[in-house]
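J.: Sequence:
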Amino acid sequence: MRVTITFPDGSKYTYSVDVKGVGSIEEIAERLLNDMSRHARNYFKDIDAWKKGVRRWLIPYLYSSILEALHKRRETID
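Sequential numbering of the sequence shown, starting at 1090, is according to the working numbering.
What the hints contain is simulated information worked out from the structure, not anything from laboratory work.
Bear in mind that the values here come from a model prediction, so they are computed numbers and not experimental data.
Careful, some of the hints might be misleading.
Okay, the calculated beta carbon distance ranges per label pair [claimed, not checked]: (1) ARG1162 <-> ALA1138: 29 to 39 angstroms; (2) ASN1131 <-> SER1105: 34 to 44 angstroms; (3) PHE1133 <-> ASP1107: 21 to 31 angstroms.
Only pairs whose alpha carbons sit at most 25 angstroms apart, straight line, appear in this in silico DMTMM-like list of lysine to aspartate or glutamate [to be verified]: (4) LYS1109 <-> GLU1157; (5) LYS1140 <-> ASP1107; (6) LYS1134 <-> ASP1124; (7) LYS1141 <-> GLU1164; (8) LYS1161 <-> ASP1137; (9) LYS1109 <-> GLU1119; (10) LYS1140 <-> GLU1164; (11) LYS1161 <-> ASP1107.
From the three backbone atoms N, C-alpha and C, an ideal C-beta is built for every residue, glycine too.
All chains, please: the whole structure from these sequences, using the hints.
T.: In structure tokens, the structure reads:
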């Protein structure tokens, strides 16, 4: 799964996460947060507060992205 995030300086980064063998979307979010926090350290001093704030929108974003991908996949099969 690939997710593109835009940071405050306008730079966009695409993160890839291996989702095979992952038990939940929360686990995927944690993997993404760990990767994203490496870049975010350049902009935010309190990285734990940053992670908490990002986690609030990242999990719903992942749910909607997965549902959208499944819907597109279903349309191509039909």
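J.: Output the numbers, in ascending order, of every earlier hint that fails for this structure.
T.: Going through the list in order, the structure violates hints 2, 7, 8 and 10 and respects the others.
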